[in-house]
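So the chains spell out like this:
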Amino acid sequence: MTPTIQFRRPGWRSLAWAVAIVALGSAIGLGLNQISSVGINMTIALGLDQPATPAQPGGQP
Amino acid sequence: MSGRAKLWLWQAFRLGVGFLFVLAAAGKLRDPVKFMGGMDQYGLVHGSILPLGAAAIPGIELVAGLCLLLGWRSRAAAGVISGLLLLFIAAMGAAMHKHLELDCSCFDLMGSDPSAFPVPAFLDRVLSWLYQVAGGAGSGLDLGMLKMNAILAGLAVALFSLTTEPSSVPRPWFWRTTLAKVLALWTAFVLLRACEPAPWVQHGLQWLLIVSALLWLGLDLFRFGWGSLRWGLLLGNALIIGPLFWLMLYKLSDGPSLLGWGTIVRDVAMLLPALWLVFYGPAEEA
Numbered sequence: 001m002t003p004t005i006q007f008r009r010p011g012w013r014s015l016a017w018a019v020a021i022v023a024l025g026s027a028i029g030l031g032l033n034q035i036s037s038v039g040i041n042m043t044i045a046l047g048l049d050q051p052a053t054p055a056q057p058g059g060q061p
Numbered sequence: 062m063s064g065r066a067k068l069w070l071w072q073a074f075r076l077g078v079g080f081l082f083v084l085a086a087a088g089k090l091r092d093p094v095k096f097m098g099g100m101d102q103y104g105l106v107h108g109s110i111l112p113l114g115a116a117a118i119p120g121i122e123l124v125a126g127l128c129l130l131l132g133w134r135s136r137a138a139a140g141v142i143s144g145l146l147l148l149f150i151a152a153m154g155a156a157m158h159k160h161l162e163l164d165c166s167c168f169d170l171m172g173s174d175p176s177a178f179p180v181p182a183f184l185d186r187v188l189s190w191l192y193q194v195a196g197g198a199g200s201g202l203d204l205g206m207l208k209m210n211a212i213l214a215g216l217a218v219a220l221f222s223l224t225t226e227p228s229s230v231p232r233p234w235f236w237r238t239t240l241a242k243v244l245a246l247w248t249a250f251v252l253l254r255a256c257e258p259a260p261w262v263q264h265g266l267q268w269l270l271i272v273s274a275l276l277w278l279g280l281d282l283f284r285f286g287w288g289s290l291r292w293g294l295l296l297g298n299a300l301i302i303g304p305l306f307w308l309m310l311y312k313l314s315d316g317p318s319l320l321g322w323g324t325i326v327r328d329v330a331m332l333l334p335a336l337w338l339v340f341y342g343p344a345e346e347a
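Taken in sequence, the protein lines are chains A and B.
Quick note: the first sequence uses our numbering, first residue 1, plus one each step.
Quick note: the second sequence uses our numbering, first residue 62, plus one each step.
No lab work stands behind these hints, which were simulated from the structure alone.
There's no promise every hint is true.
What the hints assert, rightly or not - Quick look at which bits of chain B chain A covers, simulated, 3 or more residues with Cβ under 8 Å:
id, stretch
1, 73-85
2, 116-125
3, 130-137
4, 156-166
Said to hold, decoys possible - Here are some chain B residues pointing at chain A (derived, C-beta under 7 Å):
id, residue
5, L332
6, P334
7, V339
No residue lacks a Cβ here, since even glycine has one placed at the ideal position from N, Cα and C.
Build the full structure now, drawing on both the sequences and the hints.
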């Protein structure tokens, strides 16, 4: 008998779970990075340590 | 293909791809800054996405890999892994098109130094002693390879004893063949490293090892059939033969995880079973 493989289209539920896995994984990755001593320093990497608007030379104090 | 064979194939792919992704995530989580540097070399991602991506990707790999290993939401996890692999293959293809020579940053558990492979302190001492007894650096042995094979063989045996159900496969047979495989692969690698043959001989021997590993697995399956193959036995084979493929692909890509055709072939080899899991997984896994 010829073997048959049935194709089953992944449903919306699988897609929703895939999105949930990405969200949970991202949260775990970012969380582990924050608590790790060798992690990426997000404050520096994202430029959050710089002032939002640099002071103009000769401007008002 | 019978339903039972399909089920076993599904389990093998699920465990194999899941294991590789957990391993890949572990390497990246160990040194996220290095992984960020690796991503930057590709020149495809800039700005704030780079650090956020470098921190998030290992987490996604870890969760998706664990889901596959545990068999929980396997189809969704395989979908996530397929997406990641497509992204990696596209990035590597673009870098190769631009003739960039860079580290692929895929598996960094060992870095460029296999002797950095983590082993428990006691085992480390025993293996170092064995290494010295065998003649140390002059013997042509590689301490890093020794550690890695010892760990993988230990894992295979531990998983075998933990996961095997009452089976028609006799245990002594498993021990004998596992020992023979580890010793034979070891001897082949030691010889390959010690004699430093011409490149064509080296490549020929590597392919011979790949074919031998495939024949080994094939003969196991032929002898006992899909039905008698148990989880532990399958894992034992995957853990012993898997690293062999990995090392072969290291060699084919001209160095430790250096970007090359070997790395692309490896990712395609993982993508195909991952896609198969997404579309043809058994109903109970939906």
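Going down the list of hints, with the structure as the test:
1. 73-85: violated (count 0)
2. 116-125: holds (count 10)
3. 130-137: As far as the stretch 130-137 of chain B goes, the hint holds, because 3 residues have Cβ atoms under 8 Å from chain A.
4. 156-166: violated (count 0)
5. L332: It is violated, given that the least Cβ distance between B/L332 and chain A is near 16 Å, above 7 Å.
6. P334: violated (14 Å)
7. V339: B/V339 check passes; min Cβ-Cβ to chain A is 6 Å, inside 7 Å.
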